[in-house]
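K.L.:
Sequence:
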Amino acid sequence: MKFIKQASIFSLLLLTLNSCGEASYRFKVNTPNKTTLGETVSIKFEQLEGKKIDSIHIFAGSKKLNTENNTASLNTNDLGVGKHLIKTLAFMPGKVKRINNSIEVFSNKKYESYTYKVVNTFPHDPKAFTQGLEFHNGFLYETTGRNGQSWLRKVELKTGKVLQQYDLSDKYFGEGMTIVGNQIFWLTWKAGKGFIFDLDTFKIVKEFKYQQSLEGWGLTHSDKELIKSDGTNKIWFLNPENHKEVRNVQVYTDKITLEKLNELEYINGKIYANYWQKPFIAIINPNNGVVDGVVELKGLVAEIKKTQKIVDGDDVLNGIAFDKENNRLFVTGKNWGKLFEIEIIKK
Numbered sequence: 004m005k006f007i008k009q010a011s012i013f014s015l016l017l018l019t020l021n022s023c024g025e026a027s028y029r030f031k032v033n034t035p036n037k038t039t040l041g042e043t044v045s046i047k048f049e050q051l052e053g054k055k056i057d058s059i060h061i062f063a064g065s066k067k068l069n070t071e072n073n074t075a076s077l078n079t080n081d082l083g084v085g086k087h088l089i090k091t092l093a094f095m096p097g098k099v100k101r102i103n104n105s106i107e108v109f110s111n112k113k114y115e116s117y118t119y120k121v122v123n124t125f126p127h128d129p130k131a132f133t134q135g136l137e138f139h140n141g142f143l144y145e146t147t148g149r150n151g152q153s154w155l156r157k158v159e160l161k162t163g164k165v166l167q168q169y170d171l172s173d174k175y176f177g178e179g180m181t182i183v184g185n186q187i188f189w190l191t192w193k194a195g196k197g198f199i200f201d202l203d204t205f206k207i208v209k210e211f212k213y214q215q216s217l218e219g220w221g222l223t224h225s226d227k228e229l230i231k232s233d234g235t236n237k238i239w240f241l242n243p244e245n246h247k248e249v250r251n252v253q254v255y256t257d258k259i260t261l262e263k264l265n266e267l268e269y270i271n272g273k274i275y276a277n278y279w280q281k282p283f284i285a286i287i288n289p290n291n292g293v294v295d296g297v298v299e300l301k302g303l304v305a306e307i308k309k310t311q312k313i314v315d316g317d318d319v320l321n322g323i324a325f326d327k328e329n330n331r332l333f334v335t336g337k338n339w340g341k342l343f344e345i346e347i348i349k350k
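Heads up: the sequence shown is residues 4 to 350, going by my numbering.
Just so you know, the hints here were simulated from the structure itself, not pulled from any lab data.
Note that the coordinates shown come from a computational prediction; the quantities given were computed from them, not determined experimentally.
Just so you know, even glycine gets a beta-carbon here, dropped at the ideal spot from N, CA and C.
You may find that some hints are simply not true.
Cross-link-like lysine to aspartate or glutamate pairs, in silico, EDC-like; alpha carbons within 16 Å at most [what the hints assert, rightly or not]:
(1) Lys31 - Glu42
(2) Lys157 - Glu210
(3) Lys281 - Glu262
(4) Lys206 - Asp170
(5) Lys86 - Glu262
(6) Lys86 - Asp257
(7) Lys301 - Asp315
(8) Lys301 - Asp326
(9) Lys350 - Asp318
(10) Lys350 - Glu115
(11) Lys161 - Asp128
(12) Lys247 - Glu210
(13) Lys120 - Glu262
(14) Lys193 - Asp173
(15) Lys196 - Glu210
(16) Lys157 - Asp128
(17) Lys196 - Glu248
(18) Lys350 - Asp295
(19) Lys308 - Asp295
(20) Lys113 - Glu248
Simulated restraints on C-beta separations [as the list claims (entries may be wrong)]:
(21) Lys273 - Pro96: 51 to 61 Å
(22) Lys312 - Lys67: 56 to 66 Å
(23) Gln186 - Leu217: 21 to 31 Å
(24) Lys349 - Thr204: 41 to 51 Å
(25) Lys86 - Glu299: 21 to 31 Å
(26) Asn33 - Gln168: 25 to 35 Å
(27) Lys112 - Lys86: 17 to 27 Å
(28) Gly195 - Asp170: 13 to 23 Å
(29) Pro126 - Lys86: 20 to 30 Å
(30) Arg149 - Gln186: 19 to 29 Å
Could you build the full structure based on these sequences and the hints that come with them?
P.N.:
Here you go:
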């Protein structure tokens, strides 16, 4: 495990009051710039110049920290991995000044590396620009993207035959989907909203708007939450009843953050995420954003290139579906002519 040393960064603030004869105020806030999950770090406030201020408040994200002798202790487990705002409020007579810092928390362990073996190969529509994929009650459900080519489909696994289809309006670019109960949730890319369909009839029954997540990319669900990616390093968790964004995690390894997270699948308590334009699947802890594993699937790209011409950077690995009853994992790509059932193997 590579340990990341805590490197201190200082925020200096100079505040000059306009009242005649009053001295200027100058402060310093010492905050670690980088650390690892599980470490306890100190955040120290110092007043360098001016009359003694009334008090300070220190926040990590939205949580107010206990402060003693102008110093606050922070257990990074309370934040999770990612870059987090550290905010200090200095209170003076008639004035409050805000001092912003940040701390970046990396995973405290290296992820497990996985390879794969192909168990079965099935036909897949090479004109399907796959955005969402899910296995439900013996059938594949798939959503595709691009304006004018955004379809919701029910597909027969063994033959690839399309059994049912809904064509989204040309003004929308379809994205990821998931099935909860008798409803299909389907995201759009930049329209700021998703659609809810009746599973049996493929009729729209409701719409819902995004809040802080500005775009729609991938979608899956646990027993309690909808789980959404937006093309950044964040994964958002939504209330399935009112579709409000309840929380989010940032996705990090022990060295880097993973951005452009795309299609998602929730499997045995972990989030499996396609990494756009990369032939990998990240296995993510939904509680703190730590990348527990990475599955390398370069060989599938090479296999597809044997039988068809694909556009690099466009016809990329995307689409993860899990048959929970039979413990089968399926993957495909945008405009790929094959869908693969694979077994993940630890290196």
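K.L.:
For each hint, tell me whether it holds in the structure or not.
P.N.:
Hint check results:
1. Lys31 - Glu42: violated, 23 Å
2. Lys157 - Glu210: violated, 21 Å
3. Lys281 - Glu262: OK: Lys281 and Glu262 at ~11 Å, within 16 Å.
4. Lys206 - Asp170: holds, 11 Å
5. Lys86 - Glu262: holds, 13 Å
6. Lys86 - Asp257: holds, 13 Å
7. Lys301 - Asp315: Judged against 16 Å, a Cα distance of about 13 Å means the pair holds.
8. Lys301 - Asp326: violated, 23 Å
9. Lys350 - Asp318: violated, 27 Å
10. Lys350 - Glu115: holds, 8 Å
11. Lys161 - Asp128: Distance of about 12 Å is within 16 Å: holds.
12. Lys247 - Glu210: holds, 12 Å
13. Lys120 - Glu262: The hint is violated at about 27 Å.
14. Lys193 - Asp173: Roughly 13 Å between the alpha carbons, so the hint for Lys193 and Asp173 holds.
15. Lys196 - Glu210: holds, 7 Å
16. Lys157 - Asp128: It holds: about 12 Å lies between the C-alpha atoms, which stays within 16 Å.
17. Lys196 - Glu248: At roughly 13 Å apart (the allowed maximum being 16 Å), Glu248 and Lys196 satisfy the hint.
18. Lys350 - Asp295: holds, 14 Å
19. Lys308 - Asp295: violated, 30 Å
20. Lys113 - Glu248: Violated: Lys113 and Glu248 sit about 30 Å apart, past 16 Å.
21. Lys273 - Pro96: 51 to 61 Å: holds, 53 Å
22. Lys312 - Lys67: 56 to 66 Å: Given about 58 Å between the Cβ atoms, the range holds.
23. Gln186 - Leu217: 21 to 31 Å: holds, 24 Å
24. Lys349 - Thr204: 41 to 51 Å: holds, 43 Å
25. Lys86 - Glu299: 21 to 31 Å: At 27 Å between Cβs, range holds.
26. Asn33 - Gln168: 25 to 35 Å: Given about 60 Å between the Cβ atoms, the range is violated.
27. Lys112 - Lys86: 17 to 27 Å: Holds, since Lys112 and Lys86 (Cβ atoms, about 19 Å apart) stay within the stated range.
28. Gly195 - Asp170: 13 to 23 Å: holds, 21 Å
29. Pro126 - Lys86: 20 to 30 Å: Violated - the Cβ-Cβ distance for Pro126 and Lys86, about 43 Å, lies outside 20 to 30 Å.
30. Arg149 - Gln186: 19 to 29 Å: holds, 24 Å
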